[in-house]
Amino acid sequence: MNWDIIFGVSLESLFNTTMIAYALAAIGLNVHFGYTGLLNFGQSAFLGVAAYGLAMTVATFGAPFWLGIVIGLAGAVVLALLLGIPTLRLRADYLAIVTIAAAEIVRLLFRSVSLSEWTGGSDGLQSFSDDFYKLNPYSSPLKIGIVDFDPRELWVMTIGWALIGISLLIVFLAMRSPWGRVIKAIREDEDAVRSLGKNVVSYKMQSLILGGVLGSLGGFIFALSRAAVQPDTYGTEFTFYMYTIVILGGAARVFGPVVGSMIFWFLLAFINAVLPAAITQGYIPTWLMTPTQAGAVGYILVGAGLVLLLIYRPQGIFGDRKEVMLDGR
Amino acid sequence: MADETTVAPGVARMREALKDVPHEPGAPKPDPILVADKVVRRFGGLTAVSVDHVEIPRGGITALIGPNGAGKTTFFNLLTGFDKPDEGDWTFNGKPLAGVPAHKVANQGMVRTFQLTKALSRLKVIDNMRLGGTGQRGEKFWQSLIPALWRGQEKEITERADDLLARFKLDAKREDFAGSLSGGQRKLLEMARALMVQPDMVMLDEPMAGVNPALTQSLLGHVKDLREDGMTVLFVEHDMDMVRDISDWVIVMAQGKVIAEGTPDTVMADPRVIDAYLGAHHDGTEHDPDVVAALEAEGETADE
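Sequence order for the protein chains is A and B.
In terms of full-length UniProt numbering, the first sequence is residues 1 to 329.
In terms of full-length UniProt numbering, the second sequence is residues 1 to 304.
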């Protein structure tokens with residue numbers, strides 16, 4: 001077995017663009033779910049709206065790249081308002097129902113035949129990222145031992161890590177402030193917060209917008225790293241991976257989503273590299289698993305891992321067990 | 001109850017203020033802080049609240065009593081903006097308050113507590129308290145990102161919170177999660193937190209429910225202190241001894257209506273009140289101490 005490649009791929013996924021996109025999405029989801037207690041099951045829609053906002057502005061309408069970014073961000077804000085206005089006055093579970101449905105509506109709109117003139121239908125859109133890559137200062141790949149990144153990926157990673165830094169700083173500053181105190185109090189009991197004179201609906205809306213905008217940054221990174229958008233990448237399983245990442249890292253912890261995303265993608269990349277290799281070398285008999293099935297097994301193991309995590313360490317990597325045990329409502 | 005030699009100034013003030021008020025439903029008070037007119041709330045075919053006219057005297061402790069299902073808590077929810085009436089108006093400090101959302105009611109100086117205590121479990125006790133501070137600059141999103149804008153105000157609020165925690169003997173618990181407090185301590189915390197809003201009027205929904213007898217006296221003392229500080233208190237309570245002990249005025253509700261008003265002694269001797277309570281758990285005048293102890297023990301376990 002070629003351990004250099006197996007470990008090389010795994011180590012790369014600790015820092016690569018996929019991990020960054022999921023980390024940014026999970027930072028946003030952590031604001032919703034971890035801090036505010038909003039059950040948003042449609043985070044993928046925020047990424048999709050941002051990615052398509054960028055791609056359609058540039059590829060379909062030929063507008064400049066920076067305008068695409070602005071429209072992508074504005075799209076995330078509008079989506080938050082559309083989701084929030086009808087549901088934030090209602091009980092928390094309604095938001096879960098509406099967001100999961102809205103995410104599917106958004107995805108189906110992107111892939112619908114009647115809109116394919118603008119969205120590219122199920123094929124999606126390409127050639128919107130040229131202006132972005134023109135700014136690429138890297139000309140040679142980065143090789144450190146067994147880890148290897150090409151110049152394009154390095155450029156997306158640079159921007160991505162900068163965005164992670166900015167996002168974490170915003171979350172850190174906001175959550176240790178009186179604003180964050182109100183947000184966390186809403187997670188505990190919104191009627192109590194209301195009785196103390198805070199406009200709970202307004203705070204929940206602010207949280208929905210903040211988390212949605214932070215998530216939309218992940219949408220940009222995801223689209224730019226692939227230089228393409230495709231509707232089916234923004235499905236519900238995207239959101240469920242984000243939940244896995246948030247819980248893995250520890251909900252309501254500033255660094256939780258980033259560390260969660262790193263561990264999630266490291267393990268997945270490692271399993272996906274080691275299983276096919278083990279099968280071809282004959283360490284795993286083919287009656288148990290063929291190389292084509294190995295990919296699915298990776299996700300089965302991730303699911304089993306999440307179950308074990310929730311049973312034995314519900315607070316995640318960074319969480320405080322005492323705090324989780326108090327959740328006896 | 002309060003013996004004549006040691007009447008607190010607040011009690012004497014309220015006795016004087018209420019001495020000419022007739023003991024009848026809807027009686028006008030010399031200086032009401034809250035005046036409600038024709039407040040109706042229906043749930044389907046059931047009229048839960050139908051209050052014709054009621055005035056709450058300023059600066060006193062008013063008890064709202066009545067058998068189960070009388071509409072006390074519903075009336076409370078309406079007054080504090082947690083529920084919307086089908087009809088009716090009320091004014092607080094002279095300002096109309098019907099249809100005003102709950103958080104604005106609180107900002108106008110009317111703060112409530114809840115029958116089932118709402119301590120914010122995964123926040124520290126001190127953060128529970130700080131949350132009560134009103135007009136905080138740091139609670140605005142963009143300003144929250146720049147600590148220099150709110151640090152001074154935060155310090156002021158923390159000092160006030162620490163004073164109140166000391167007064168309610170919760171200062172030792174300052175850094176603990178509120179979820180680790182006992183039922184009685186949570187009631188104390190909720191009351192202290194309400195005071196952080198600096199209200200004119202405090203609405204307590206069953207402040208003694210599920211509190212062990214040792215803490216009851218301390219809670220009663222705190223409620224009495226509010227009156228000495230010039231605050232108005234309206235509370236819902238089932239415990240008649242407590243009502244008799246601390247209230248200046250008693251309003252009795254039954255089947256959604258105000259059926260009697262007066263000082264504790266006259267109300268409890270009122271045949272309408274005794275009628276309203278007949279068939280309920282007790283007659284509203286005497287408690288068997290063993291039964292009370294058993295009920296309180298039950299309340300404690302139910303609260304855990």
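Keep in mind that a hint or two might mislead.
[Unchecked claim] What the simulated footprint calls covered on chain B by chain A, stretch by stretch (three residues with Cβ under 8 angstroms from a Cβ of chain A suffice, anywhere in the stretch; the number is not a length): (1) 49-57; (2) 95-106; (3) 224-232.
[Said to hold, decoys possible] So the derived label-pair ranges between C-beta atoms look like this: (4) A:A74 <-> B:T91: 23 to 33 angstroms; (5) A:W161 <-> B:Q153: 47 to 57 angstroms; (6) B:A166 <-> A:I311: 50 to 60 angstroms; (7) A:R89 <-> B:G94: 44 to 54 angstroms; (8) A:I166 <-> B:K169: 53 to 63 angstroms; (9) B:E159 <-> A:Y299: 48 to 58 angstroms; (10) A:V78 <-> B:G94: 37 to 47 angstroms; (11) A:L115 <-> B:P96: 30 to 40 angstroms.
Keep in mind the hints are simulated off the structure, nothing from the lab.
Note that the Cβ used here is the ideal one computed from N, Cα and C, for glycine as well.
Structure-based check of each hint:
1. Look at the stretch 49-57 of chain B against chain A: 0 of its residues bring a Cβ nearer than 8 angstroms to a Cβ of that chain, fewer than three, so the hint is violated.
2. Coverage of the stretch 95-106 of chain B by chain A holds in this model, with 5 residues showing a Cβ closer than 8 angstroms to a Cβ of that chain against a need of three.
3. Requiring three or more residues with a Cβ within less than 8 angstroms of a Cβ of chain A, the coverage given for the stretch 224-232 of chain B is violated, as only 0 such residues are present.
4. A74 (chain A) and T91 (chain B) have their C-beta atoms about 44 angstroms apart, which leaves the hinted 23 to 33 angstroms range violated.
5. Between W161 (chain A) and Q153 (chain B) the Cβ separation comes to about 35 angstroms, which falls outside the hinted range of 47 to 57 angstroms.
6. At roughly 42 angstroms, the beta-carbon separation of A166 (chain B) and I311 (chain A) lies outside the given 50 to 60 angstroms, and the hint is violated.
7. Against the hinted window of 44 to 54 angstroms, the Cβ-Cβ separation of R89 (chain A) and G94 (chain B) comes to about 29 angstroms, which falls outside the hint.
8. Range check, I166 (chain A) to K169 (chain B): about 45 angstroms between beta-carbon atoms, so the 53 to 63 angstroms window is missed.
9. The hinted range of 48 to 58 angstroms is satisfied by E159 (chain B) and Y299 (chain A), whose Cβ atoms lie roughly 54 angstroms apart.
10. A C-beta distance of roughly 42 angstroms is found between V78 (chain A) and G94 (chain B), which places it inside the suggested range of 37 to 47 angstroms.
11. Roughly 50 angstroms separates the CB atoms of L115 (chain A) and P96 (chain B), a value that falls outside the hinted 30 to 40 angstroms.
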